[in-house]
Each structure stands twice: as C-alpha cells, then as structure tokens.
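Asks: Chain residues, written in single-letter form:
Number of protein chains: 2
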Amino acid sequence: MTIEAVVGASFEHSFRFTQEQVVQFAILTGDDNPLHLDAGYAATTPFKRPIIHGMLGATVFTKVLGTEYPGHGSIYLNQTLDFLRPMFVETDYIAVFTIKALHAEKHIAEITTEIKDATTKKVVTRGVATMINKEKF
Amino acid sequence: MTIEAVVGASFEHSFRFTQEQVVQFAILTGDDNPLHLDAGYAATTPFKRPIIHGMLGATVFTKVLGTEYPGHGSIYLNQTLDFLRPMFVETDYIAVFTIKALHAEKHIAEITTEIKDATTKKVVTRGVATMINKEKF
Chain F
1 MTIEAVVGAS FEHSFRFTQE QVVQFAILTG DDNPLHLDAG YAATTPFKRP
51 IIHGMLGATV FTKVLGTEYP GHGSIYLNQT LDFLRPMFVE TDYIAVFTIK
101 ALHAEKHIAE ITTEIKDATT KKVVTRGVAT MINKEKF
Chain R
1001 MTIEAVVGAS FEHSFRFTQE QVVQFAILTG DDNPLHLDAG YAATTPFKRP
1051 IIHGMLGATV FTKVLGTEYP GHGSIYLNQT LDFLRPMFVE TDYIAVFTIK
1101 ALHAEKHIAE ITTEIKDATT KKVVTRGVAT MINKEKF
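Read top to bottom, the protein sequences are chains F and R. Just so you know, my numbering puts the end of the first sequence at 137, numbered straight through with nothing missing. Just so you know, my numbering puts the end of the second sequence at 1137, numbered straight through with nothing missing.
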C-alpha cells in the first residue's frame, strides 16, 4: 500500500484471537503459564478467566508493521509495550498505528501502536515502534 | 523455583530457534514478511539470509518470565525491546534476566532482559520487563 509518510497519519487493523491460537502460541514459545490456558486456575486470579499472553496480543504490531503499514522491507528497531488491561479470546480489537515522528534522512519512523477493545474503546496495550523502511519513509 | 528476590540476582536460559518455528510464527501471527521466510529476498538485504522475527526472539522473555523466573502467577505490566542485531535460526542464544529494581510493597520487579549470542556474547536484543508476582516478589 501507499503510506502517507507524514506525522499524524494513521492506520487501523481489526482482529481477534481464538483459544486455539493461544494454545499454539503456548506450544510454539513454551509459555504455558496457566493464566492463559487453564480456566480453573484463571478463575482464582483477578481476571476470572484466561487472558491472552500479552506478547501474543502484541504480535499484531509485528504483523501489521511487517506486512501492511509500512509493510515489506521494514526492519524493527524498537518496540515498547505497556500491558494496561487484559486481552481475551473471541473479542474484537482494533490496532491503531499513528506516525509520531519521521527521520526521513534515516528512513526511520516512530509509530505509536495501540490496541483498543472494539466495543469499549479502552486501550488494552500501548507502545511505540521504531521502524526503518527505505522505500516508505 | 525459588527466586532470590534481590536487586542484582540473575537467571540465564539457553535456547535456539528452528526455521520451522519461524514458519509457525509467521502462520500464527500473519507476519509473512519475506525477510524472515524467503532466502532469495533476504539475500538482497543487508542481512544476506533470513532473520528471525524480532518479536519471536522476544517470546523467550514471556516464556521464561511466565514459567521459570519468576514463573507462574506472573502478570506482565511492561516490556521494552531494542532489536540491536539480527537473530538467526539454528544459532545458540542465551537469555539473561537480572533484577534491576524491586517494589516489594506492590510485588513488582523490574527485570533487565537481554538476549546474547552464545558464541560471540554480543547482545542482540535488550529490554526491561516489569512484572507483578505476589508469591515471588
């Protein structure tokens, strides 16, 4: 896609996760924390039901940044992640990407990355990504 | 395991990734950036060969923090990630976790998280995790 490489430009991506994806992430990474997998254990926590691995939720950032906005050719330099609220399976979320700063001479953009609950609009994960993309920035 | 919950305490975990895991991560997350999957494309980049998704490398942090150090019961509050050097498959890495600060009244620890190449000892990914664990901290 064509990126409007100006500060303030933004891009949105809707997504949701299934419990099957949570299980696959646990197997792939070895992170079998029962908070994500065991409804009985999760019922004893303040969350009451299993929550998605924060790092699985954050993979929406690498997916969108690496394939859509700015897309192929991107190299990840930095990502900050604040896990503000739990994320759940079978729940609609929106990832919002906003160009915060551009360093055109270095082909680098700082992009605010947020995940919002599509229904409540509350931000569940917030961070900033720094990307190089020689074609787009 | 028993954690020595003092500033400066550290824990190491050795690991490596396979190309099969990179493919599984690409399928699971939808991040099919050819930099990670296509040797022909990667040959045209400064890296010369496919590199691991930075976020896949960083999953070693959620795995160890969620299952070993401090382990089950952990809740992730924050993670910063600086992708300093590329990571490759079939390469030995060491993840090093060091307690940087403790806030015992809140059961919170700030933990420096680093991935080093096991051979060259160069740091490839660096960050800080902030975790709650009511039993360990």
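By construction, these hints were calculated from the structure, which means they are not laboratory data. Built from N, CA and C at the ideal position, the CB exists for glycine as well. Keep in mind that a hint or two might mislead.
Straight line, CA to CA, 25 Å or less: simulated DSS-like cross-link-like pairs of lysine-lysine [claimed, not checked]:
(1) K48/F with K1122/R
(2) K136/F with K1106/R
(3) K1048/R with K134/F
(4) K1136/R with K48/F
Reference listing, derived: stretches of chain F covered by chain R, where coverage requires no fewer than 3 residues with Cβ under 8 Å from a Cβ of chain R [unchecked claim]:
(5) 4 to 14
(6) 63 to 72
(7) 88 to 100
(8) 103 to 112
Taking CB as the label site, the calculated pair distances span [to be verified]:
(9) E1012/R with S10/F: 20 to 28 Å
(10) T1045/R with A9/F: 33 to 41 Å
(11) D32/F with D1032/R: 32 to 40 Å
(12) L84/F with T1112/R: 16 to 24 Å
(13) T1018/R with L37/F: 36 to 44 Å
(14) D32/F with A1005/R: 33 to 41 Å
(15) A118/F with E1012/R: 26 to 34 Å
(16) A9/F with D1032/R: 20 to 28 Å
(17) L84/F with V1123/R: 40 to 48 Å
(18) V1123/R with T44/F: 19 to 27 Å
(19) V7/F with T1045/R: 36 to 44 Å
Asks: It remains to establish, for every hint, whether it holds in the given structure.
Replies: Do the hints match the structure? See the list:
1. With a C-alpha separation of about 42 Å, the suggested pairing of K48/F with K1122/R is violated against the 25 Å cut-off.
2. Our distance criterion of 25 Å between C-alpha atoms is broken by K136/F and K1106/R, whose separation comes to about 44 Å.
3. With a C-alpha separation of about 16 Å, the suggested pair K1048/R and K134/F falls inside the 25 Å cut-off, and the hint holds.
4. A threshold of 25 Å between alpha carbons decides the hint, and for K1136/R with K48/F the separation of about 21 Å falls inside it, so the pair holds.
5. For the segment 4 to 14 of chain F, the assignment as covered by chain R is violated, since 0 residues bring a beta-carbon within under 8 Å of that chain's beta-carbons and 3 are needed.
6. Coverage of the segment 63 to 72 of chain F by chain R holds in this model, with 4 residues showing a Cβ closer than 8 Å to a Cβ of that chain against a need of three.
7. Counting residues of the segment 88 to 100 of chain F whose CB falls under 8 Å from any CB of chain R gives 0; the rule of at least 3 is not met.
8. With a threshold of 8 Å between beta carbons, the proposed coverage of the segment 103 to 112 of chain F by chain R is violated, since 0 of its residues qualify and at least three are required.
9. Distance hint check: the CB atoms of E1012/R and S10/F are about 41 Å apart, inconsistent with the given range 20 to 28 Å.
10. Checked against the hint of 33 to 41 Å, the pair T1045/R and A9/F fails, with Cβ atoms roughly 25 Å apart.
11. A hinted range of 32 to 40 Å is violated for the C-beta pair D32/F and D1032/R, which are about 26 Å apart.
12. The hint said 16 to 24 Å for the Cβ distance between L84/F and T1112/R, and at roughly 22 Å that hint holds.
13. Take T1018/R and L37/F: their Cβ atoms lie about 23 Å apart, and the range 36 to 44 Å is violated.
14. At about 23 Å, the beta-carbon gap between D32/F and A1005/R misses the expected band of 33 to 41 Å.
15. A C-beta distance of roughly 40 Å is found between A118/F and E1012/R, which places it outside the suggested range of 26 to 34 Å.
16. With their beta carbons about 24 Å apart, A9/F and D1032/R fall inside the hinted range of 20 to 28 Å.
17. The hinted range of 40 to 48 Å is not satisfied by L84/F and V1123/R, whose Cβ atoms lie roughly 28 Å apart.
18. Between V1123/R and T44/F the Cβ separation comes to about 38 Å, which falls outside the hinted range of 19 to 27 Å.
19. In this structure the supplied range 36 to 44 Å is violated for V7/F paired with T1045/R, their Cβ-Cβ distance being about 27 Å.
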